[in-house]
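Colleague: Listed below are the residues making up each chain.
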Amino acid sequence: MTADDTDLRRRLEAMLIVADEPLSVVNLATAVGSPVRPVRAALAALKADYDGEAEGPQRGFELREVASGWRIYVREELDPVVTEFIGSQAPARLSQAALETLAVIAYKQPVTRSQVAQIRAVNVDSVVRTLLGRGLITELHADPETGAMHYGTTDLLLEKLGINSIDELPPISPLLDDGSDGFEGIDGIS
Amino acid sequence: MTADDTDLRRRLEAMLIVADEPLSVVNLATAVGSPVRPVRAALAALKADYDGEAEGPQRGFELREVASGWRIYVREELDPVVTEFIGSQAPARLSQAALETLAVIAYKQPVTRSQVAQIRAVNVDSVVRTLLGRGLITELHADPETGAMHYGTTDLLLEKLGINSIDELPPISPLLDDGSDGFEGIDGIS
Amino acid sequence: MSADPSLTSGEEAAPESGFRVSLANFDGPFDLLLTLISKRELDITEVALSAVTDEFIAYLADLGPQEDLDEASEFLVVAATLLDMKVAGLLPQGELVDAEAVALLEARDLLFARLLQYRAFKEVSTWFAGNIAREDGRHARAVPLDPKYRATTPELRWTLSLDDFAALATLAFAPREIPTVGLDHLHAPQVSIREQAAIVVSSLRTHGALTFRELVAGADAKGVVVARFISILELYRHAAVSFEQLEPLGELTVRWTAETWTDETLAMLGADYDS
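Residue numbers (my numbering), protein chains in the order written: chain S, 1 to 190; chain H, 1001 to 1190; chain B, 2001 to 2275.
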């Protein structure tokens, strides 16, 4: 490890320690004044280091890549220590209806409310409002013809799911594609 | 270093990484379930470790003991990295979203983030952070039941608006009352 | 806007003893269908669907008028498709190649496709729930920015006047309701067919015969005209009136022809329309 490497890692650690949200590689590279490629390598090295795979001990924290960004978390097995101390209250859970609507939007985005309503076979207005308010979905663009708003998921959702990109969603039944065929004609109904 | 030592340090690291204020040795000892004396020794060892005095490299953060306890800070010599980044991130002007959120908080204070999110129909977490960072709003008190923080505006905002008290805000249309109705039940959401 | 139903509870109401129907347990017709199908431990097949059709229809019959119009109509669409399929299953096979049968097959395929699609999303939503629950238990570093860094941010450029700020507040508070098509206009004030019949009867008994145009002359709302028209049809069913129309779409004359007419007959009139 060169002195430059050590310096780069230290600078990255400084940024990660003040961050209160995942920082993208590009943001980090800008902050530490280094090209993206070595930054990516240094992040991987730090992650391995914290995991105890380098010369040092395993740390009580870990470096995770979620929602296309890097962030320091308490090591998963130590979460109980923290939970017990800060007595964190469980956040309000999403209802089954909200979860299913979220799933439809995640897989079909960009998608309009009426398209979601078609798949769910119920009115989804209030659920969509809840998901918007929680920042899990966002308005993307209005349909130029009908004016219907298209919705998609946010980075916050990726963070909540602990995944890095929407591509990491589990594959769902191939029937899905067939199922969506022929619905185009009835999109603009509601 | 025994396995117990390693485990104790990891538990301390887990606590320190989420702490947003200095933690006293007694508090830390309670949290990790260990007597004070080994906790004190482990903290000193971690400090030396982060400073590069153990087997590993010097870290971009440091463990510092301040009057009220121990906390992880950015290593002092790396402050410029952080300062420069924060400076480049904070625009001189507030965004439209930030201004609207500020207006909602000004007229509805004390108000929780989830109440603001309901009115604005978007997630306002990052905007609230910006406004807090700008010193235009402040945390008032946590809801005794839900723990949700209530926010209000600061003297700095009054100064910017050129008024002496929040009562001098011009009255706005009765939409206000309609808009606020019905949000009581969903306070604890976010 | 009262408590948001999508937040109240994450628990799915699971019917335990016997099958109890109430709309709150189901999030749409597909949800109900899947519940019925899974209760019978059947896969989604034509057999399964014909087996659950009766239960579905029975459930639909219990739907009160207070349910959402659009929700109820979704249930109706599915019920109609199911019923069609069941009827087709009962009818002798062989002469299936008419337009109606083809349309039925298409409707069936559409229903299957939508059910399968719905089931796929329902299944994957458990993955969402599991991941969200796991991540909720994780602790990310999220500490407020040290004030010493804050001090170095560029001075805020503030250009809003007090009035600008108030205008902004008005804008921010303007309800950002998701636009919906109002259904209020569908709920016109209720018009009683019996009342309208009473008017028609009294006019006809006075004049003997009147044109339809004359009979509805005083009506000020479409609903009243419709109700008066229906009341005339009802009177015709009771052989109380006869019609004369000299040419198609021409003037319609209604003549009072009742031989026996009592107020009891009037009281029974239009009972079919009572809900």
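Careful, some of the hints might be misleading.
Claimed, not checked - Listed below are the simulated BS3-like cross-link pairs for lysine-lysine, each with C-alpha atoms no more than 25 Å apart in a straight line:
hint	chain 1	residue 1	chain 2	residue 2
1	B	2148	H	1160
2	B	2086	H	1047
3	B	2122	S	108
4	B	2148	B	2039
5	B	2148	B	2086
6	S	47	H	1047
FYI, nobody ran anything at the bench for these hints, they're computed from the structure.
Colleague: Each hint needs a verdict: does it hold in this structure or not?
Modeller: Structure-based check of each hint:
1. Pair hint residue 2148 of chain B plus residue 1160 of chain H holds up; C-alpha atoms about 22 Å apart against a cutoff of 25 Å.
2. Taken as a hint, the residue 2086 of chain B and residue 1047 of chain H pair is broken in the structure, with Cα atoms around 76 Å apart against an allowance of 25 Å.
3. Under the criterion of a C-alpha separation no larger than 25 Å, the hint pairing residue 2122 of chain B with residue 108 of chain S is consistent with the structure, at around 14 Å.
4. Restraint check for residue 2148 of chain B and residue 2039 of chain B: not satisfied, since their Cα atoms lie roughly 63 Å apart, outside the 25 Å limit.
5. A hinted pair counts as satisfied when its Cα atoms are at most 25 Å apart, and residue 2148 of chain B with residue 2086 of chain B does not qualify at roughly 74 Å.
6. The suggested pairing of residue 47 of chain S with residue 1047 of chain H holds, with an alpha-carbon distance near 20 Å, which does not exceed 25 Å.
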